[in-house]
Structure formats: C-alpha cells, structure tokens
Amino acid sequence: MFRRTFWFTAGAAAGVWATTKVNRKLRQLTPESLAAQAADKAIDAGHRLKGIAVDIRAQMVQREAELGEALGLDDHPDRVLPPARPRPAVGPARRGASAPLPGGPRGRYDIHRTDTQNTTEDRTPGTSNNGNEDH
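This note's numbering puts the sequence shown at residues 1067 to 1201.
The reader is advised that the hints may include incorrect statements.
Stated by the list, open to error - Heads up, simulated SDA-like pairs for lysine to any residue below, C-alpha to C-alpha not over 20 angstroms straight-line:
#1 Lys1116 <-> Pro1097
#2 Lys1087 <-> Ser1099
#3 Lys1116 <-> Met1126
#4 Lys1107 <-> Met1126
#5 Lys1107 <-> Pro1097
#6 Lys1091 <-> Thr1075
#7 Lys1087 <-> Pro1097
#8 Lys1091 <-> Ala1104
#9 Lys1116 <-> Leu1100
#10 Lys1116 <-> Ser1099
#11 Lys1107 <-> Arg1093
#12 Lys1091 <-> Gln1103
#13 Lys1091 <-> Lys1107
#14 Lys1107 <-> Lys1087
These aren't lab readings, by the way, just hints derived from the structure by calculation.
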C-alpha cells in the first residue's frame, strides 16, 4: 500500500511540474512576450553600442593627444589659425574628370545624326532601308 501511495504522489508531482513548465514556455512564446523580449534585447544592444562608441571616442581623444605631442602641435596653444581661404561657389572641374567630347554632348560619334538618314522621298517603292533583307 505504501508503494502505491509513493508512486501516485510522485506521478502527481511530475504532472504538476510538467504542466507548469509547459505553461511557462507557452507564455514565453506569445506574440506580446516575444515583442517584449525583442524590445529588451534591442535596448540592451543599443546600450552596448553606446558604450563601445564612448570607449572609441575616449581612445581617439587619447591618440590625438599622443600624436599632437609627438608632432609638437600642443607647443603653442594660444596660436591662432590663419583665416580660411574663400572658395568659389562653382569651382573648376575636378582633377581626373573627363573633358567634354568634341562635336557636342554626345561626341563626334553621334549615331543619331539625321543628315545621313534616308527619308521617305529618297526611297523607291518596293524597297526598304534594311540591308539584311533578302528579296
């Protein structure tokens, strides 16, 4: 009798445990729960990225200071930079840019010229402009 009671109690406890575990997992997989988890992960990722950016900025400032000391740029902190040179609103063409082609915007190899095209008056009846046709 004691054995039956023990196994009955053990089975009931296992059933309660399994039911609880399944219900928790089902609650975790609801759309609202998944959206909240995604939002939490996105916020955590944003905080980590912000921390990385702060670290990088601090290292940049430190390295710039090291380079300034090595190059002697920090020797005269009261030195004023010369005024900026005025720049034209539209400057010359960039270096390496190609020059305009002769003969207009399309160059001298314009395939759409109209002076050599046959018009309807130049054709004889029964002929075509297509040289690939066999008659």
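Verification of the supplied hints:
1. Straight-line distance between C-alpha atoms of lysine 1116 and proline 1097 comes to about 28 angstroms, which puts the hinted pair past the 20 angstroms bound.
2. Proximity of lysine 1087 to serine 1099 is assessed by CA-CA distance (about 16 angstroms); at most 20 angstroms being required, the pair is judged to hold.
3. The straight-line distance between the Cα atoms of lysine 1116 and methionine 1126 is roughly 15 angstroms, inside the 20 angstroms bound, and the hint therefore holds.
4. Proximity of lysine 1107 to methionine 1126 is assessed by CA-CA distance (about 28 angstroms); at most 20 angstroms being required, the pair is judged violated.
5. Straight-line distance between C-alpha atoms of lysine 1107 and proline 1097 comes to about 15 angstroms, which keeps the hinted pair within the 20 angstroms bound.
6. The suggested pairing of lysine 1091 with threonine 1075 is violated, with an alpha-carbon distance near 24 angstroms, which exceeds 20 angstroms.
7. Our distance criterion of 20 angstroms between C-alpha atoms is met by lysine 1087 and proline 1097, whose separation comes to about 18 angstroms.
8. Of the supplied pair hints, the one linking lysine 1091 and alanine 1104 holds, its CA atoms being roughly 16 angstroms apart against a limit of 20 angstroms.
9. For the proposed pair lysine 1116 and leucine 1100, the alpha carbon gap of about 24 angstroms is over 20 angstroms, so the pair is violated.
10. A threshold of 20 angstroms between alpha carbons decides the hint, and for lysine 1116 with serine 1099 the separation of about 26 angstroms lies outside it, so the pair is violated.
11. With a C-alpha separation of about 18 angstroms, the suggested pairing of lysine 1107 with arginine 1093 holds against the 20 angstroms cut-off.
12. This hinted pair checks out: lysine 1091 and glutamine 1103 have alpha carbons roughly 13 angstroms apart, not beyond 20 angstroms.
13. Of the pairs offered as hints, the one joining lysine 1091 and lysine 1107 holds, with about 19 angstroms between alpha carbons and a cut-off of 20 angstroms not exceeded.
14. A threshold of 20 angstroms between alpha carbons decides the hint, and for lysine 1107 with lysine 1087 the separation of about 23 angstroms lies outside it, so the pair is violated.
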